[in-house]
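Peer 1: Residue numbers for the sequence shown, in mature numbering (1 follows the signal peptide of the UniProt record, and there is no 0): -26 to -1, 1 to 1235.
Bear in mind the hints are in silico, worked out from the structure with no lab data behind them. None of the hints are false.
With a straight-line Cα cutoff of 27 Å, these simulated DSSO-like cross-link-like pairs (lysine-lysine) come out:
(1) K979 <-> K965
(2) K13 <-> K284
(3) K67 <-> K290
(4) K169 <-> K125
(5) K189 <-> K169
(6) K1130 <-> K965
(7) K298 <-> K535
(8) K109 <-> K202
(9) K535 <-> K100
(10) K13 <-> K67
(11) K13 <-> K290
(12) K887 <-> K782
(13) K125 <-> K109
Now the in silico label distances, taken between C-beta atoms and shown as ranges:
(14) E365 <-> V923: 51 to 61 Å
(15) S1049 <-> E247: 51 to 61 Å
(16) K179 <-> G201: 10 to 20 Å
(17) N101 <-> G201: 27 to 37 Å
Glycine is no exception: its CB is placed at the ideal position from the N, C-alpha and C atoms.
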Amino acid sequence: MSNLRALASIVLPCLLFTLNWGATNAQYHNFYDEHKTEKLTWCTMNREEQWKCKNFTVALERDRALFEDDFFNVSCYQAFDKDECIIMIDQEKAHITSLDPGEVFQAGRYNSLVPILQETYEGGFKNYYAVAVIKSGTMSDVYSIRDLRGKQACFAGVGSQAGWTIPIHRLLKDGFMEIVDCNNHVKSAINFFGKSCAVNSLVNKNNPIGDNSDKLCNLCTGVVPGGKCTAQDPYAGFEGAFRCLLEVGDVAFLKHTTVKEMVSSKEFKSVTEDRFELLCPDGQKRPLGEYRQCNWGLVPSNAIVVSSAKTTDERKRIERFLLKSVELYSTKPLGDVQQQSNDPYDQGNRYDNRYDTRYDNRYDTNHYRQCNWGLVPSNAIVVSSAKTTDERKRIERFLLKSVELYSTKPLGDVQQQSNDPYDQGNRYDNRYDTRYDNRYDTNRYDSTPRYNDYGNPGNPGSPYSNDRFGGFGGSRYDSNRAFGGYDDPFRTTTRSTTTTTTTRRPFGFYDNPFGVRNQTDQDRDGNQTLYERFELFDSERYGSKINLMFSDITRTFASIKEEEQNFGGYLGDNLEIIMGVRMCPVGRMTLCVTSDAEMEKCVKMKTALKAQLIKPEMICYKGHSHINCMQAIASGVADVSVLDVSDVYTGGLRYELIPFLSEVYNLGQPEYYVVAIAKEEDPSTELTYLKGKYTCHSGINTAAGWVYPLAYLISNGWIRPYGCDSIRAAAEYFSKSCVPGALSAEYNTGIPYDNMCDLCHGSSYRYCRRDASEDYYGHTGAFRCLVEGGGHVAFAKHTTVSENTGGKRREWWARNTLNDDFQLLCPDGTRGRLKDYHTCNLGKVKANAVVTRGGAGYNETQINAYINLFTIKEEEQNFGGYLGDNLEIIMGVRLCPVGRMTLCVTSDAEMEKCVKMKTALKAQLIKPEMICYKGHSHINCMQAIASGVADVSVLDVSDVYTGGLRYELIPFLSEVYNLGQPEYYVVAIAKEEDPSTELTYLKGKYTCHSGINTAAGWVYPLASLISNGWIRPYGCDSIRAAAEYFSKSCVPGALSAEYNTGIPYDNMCDLCHGSSYRYCRRDASEDYYGHTGAFRCLVEGGGHVAFAKHTTVSENTGGKRREWWARNTLNDDFQLLCPDGTRGRLKDYHTCNLGKVKANAVVTRGGAGYNETQINAYINLFTFSMFYSYPPYHDLIFQDATRQLKVVEPKDRRYDRYVGKDFMRARRITDCLAGGSQITINRMQIALITVLTILSARILL
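Whenever a hint applies, use it, and build me the whole structure from the sequences.
Peer 2: What follows is the structure, given as structure tokens:
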């Protein structure tokens, strides 16, 4: 028993130690297995920076063990400029980069990037000075900075804090630079300076309406196109601005360190600092060294930024990673670093003692020598027995030589192996004694002073004397190691017994300096190739550029407090300077509106403009009528309002208001045609005899709804004028009407006629009001009155019908309307098609206009500011930042329990639109934050949602079925088209000119499908054909059935293994149009994918029939789509194929279809992943534009049909000149022409009226 106890006392501790050691070892292996693939993509912006980044990755991979749990697998992405880097990080295609403070503002304000670290310079400083540098002895005519007017300036780039924003702000604040455009300070600089170079002065963000001159690009020297005046220009950045000053400029705006850095570089070694001096803000000139007394402002050091989507733990880990990188890869002295007590992560001593005690006893020899189960030979290197003795010896020498070169571990007490057949015992006994004594002799770097004392780290002059590992002696960076084998792609050092030569290879010598290179072995004479170690804050070795990835003067990084990890907290007082360059001499602009709905839209516009920092600030004021708005503007209570041309006339005549901006519709000019619209099913209504009819008007005294129709009817003698009482004339001629405003004393000073409002629809006080609170007000309101209100004719704008039919308006009254349901009434008593408005109209009239004070209240500065506010370009004038069509931003609450929503898309085009949506939503502070994720297919998106990589995707109903069946996805939002419900009809479409194609016999035909397994393009058509026996089913193989029945087709996705698990049939893609990898893909990269794609295949691709949604044709014909393939298509060119073998018109889809199917839906996780809170947050994410009105309203503030706003020339900013002679004539007829019961205008009368008009205008002036 005692023996057993003794044995247990020995064995059990051994077992416990073995198990504990194994568990510890396994723990570390598991850790590396878990984290080895975590990536961090660094965004660079030029070739040299990319090379440095790749060197960084090589060094990291070699030293990954030293980073412990903070290691990242770094990769490098080269972008065109920092703007692209910001976007790439926002899209999570890259993860990190360093930015100038001005760039941090842009990245944070518009892309939600956050700074986590900032550079720290010698002495612990975290800022630098902005200075203006001139050549010594020049600029003798400059006594004040106001004298810089007309000088040739060199800027680091528009948006750079020290190199642009601070000097521009100083000139604006001191009043030396006048403000030309409140929303484009580049124009102010263009007006002030002479020919200059400020890169990016012509890019969209700095040239919002595209009218900047190229004056600030004149000095730039980049290659056109793509290089000049961009980030790739030789004069870009602070280094480029210095080069510009040296070669062509008068003054350069730089960092206080730039000149010293540049004259110390290889490119400018012949240039000395005394050739330059500082220009102070007070006009004095001082030496470069006096930058503390002669500077333009203090600027925060550059920051390291990441996406705000990174969690706090992720940010901390990245910080630790970068601080560890400084520790390992920087040899520059820190100087007298100030204590940063506010460092939230206290990196100071994190790694100081990590090797001291933590693993002291892991391999204690006292354990295993006494407690082991046997002695085992060490691992062996083996080769084939076919190798000869000489070959084996050569391999042995190679490996032993490798140990000699690449191992720094001590050998210990090496026993002599006298029985070694190759006598290795003494072969290398003295290998460190004499043979390579001088391999790293300090003298071998004499030609490169930076590396003197390389082998003597203890020397105070050594650049490595501050190495945190105590120099190289005894550390993993022992000088005996050829450290950094691939660090320098340009430097080659050759060692011989008598001389040392260090040469720089030509820039760009290697096509790929980071691939496998030929390396020269050291021979017996000592000749060898050696590479330098990686330096984090050094750029010299990569070519002529400096400050690659980081500023070269950086010593370390300082953590930014978590609560200050935003652009405002980081910038501090510099934020006021950035906002200051957006100063505007006009503080605000008050827009007068006339209804609650317009007020709501105005507030949203105001919010959107403020989010985009657009000046002047918009204020919303509600007047009770357009007349009241005119009075408010005249009295100064309001500043502007949008008026019908007839109201422009009234405002000019009574209140001296002037138009300065006009709407533009589809004619390209600020004008439109007035037309009379009737139903196609009502042939009895004609323009020459409307007595007793029910009429619909846009409003009393509006041009299209009243002035032109009444002028026409009166002038042709069809209506008795009753002197100037046009309201009485209409009331006695028409039976019932809706003329909004006809009962208002502001517009009708005579007797009110109730029948003028009998058809109106507004309730309570809204009834027959001349504003958007009356449902039948405006052009769309008059058309609605015709559709649902019982009207026989509507007087409106020529685009009104096409704007509201064919599924373009979602309200129930417009859902089933098509263009073909309506016709125009022509003045000669005939009828015309809607597209005949050029010849079938009542006249051409000026468009709506924005008006402001004229006369004594005229202010050119205010008007220019108002113009800039309205015309700032944001993706075809869509406010809320660049949203796609039919999207309106929901201004939601700012706090949200759901942090973000990842939308999965399947093509580059969808990704682009997703990014625009994301940008717009982010600009409006709408939550949750949208993230865009691109899957390679809809199936892949389903998998991504199920696994949590993505959250939502928009799927065809057939894919909804698949996603629910396979991945438990659930739909929570569905699209709604013109039926008012989330559904549509599946139809077969054929050309009208091809009568031989019919649905009952499509054998051998060419067919076009929206996609494999889509409801409209595949499931319903194949189900119909198979169920009716027209196609042989071949069991469940519908693809084979279609391939053998149809001759050629385009069925996107038919060749994809994700959708076709059987034999691929090439003829199923023969008609497809996508190029390269896009060919026949089941996403938007294939031109013939989707409903519109199938229709396009029919139009241009040779198809006989297309299977699609019932609204597809009307959505793409009649000029609604601008692409060339759709330009000449009309609704009448196509017909529907009915299941009974007949054909139907497009509007017969209710009876001529293959079935009704649910609409596309937005899906997310169901099952165990179901989260009601998330779904509610997602529902709130979708959308606002300036020229779109929220249902049930229309034409709020601006006409919905408006495409842009056009500036009215100053000479035309008079109501009479703006409205035009034709309108004046018509208005005179309706208001001022008394006479007999029959009136016919002849040329003499027209001439007389014109003269009277001109005379009245002159009298007013």
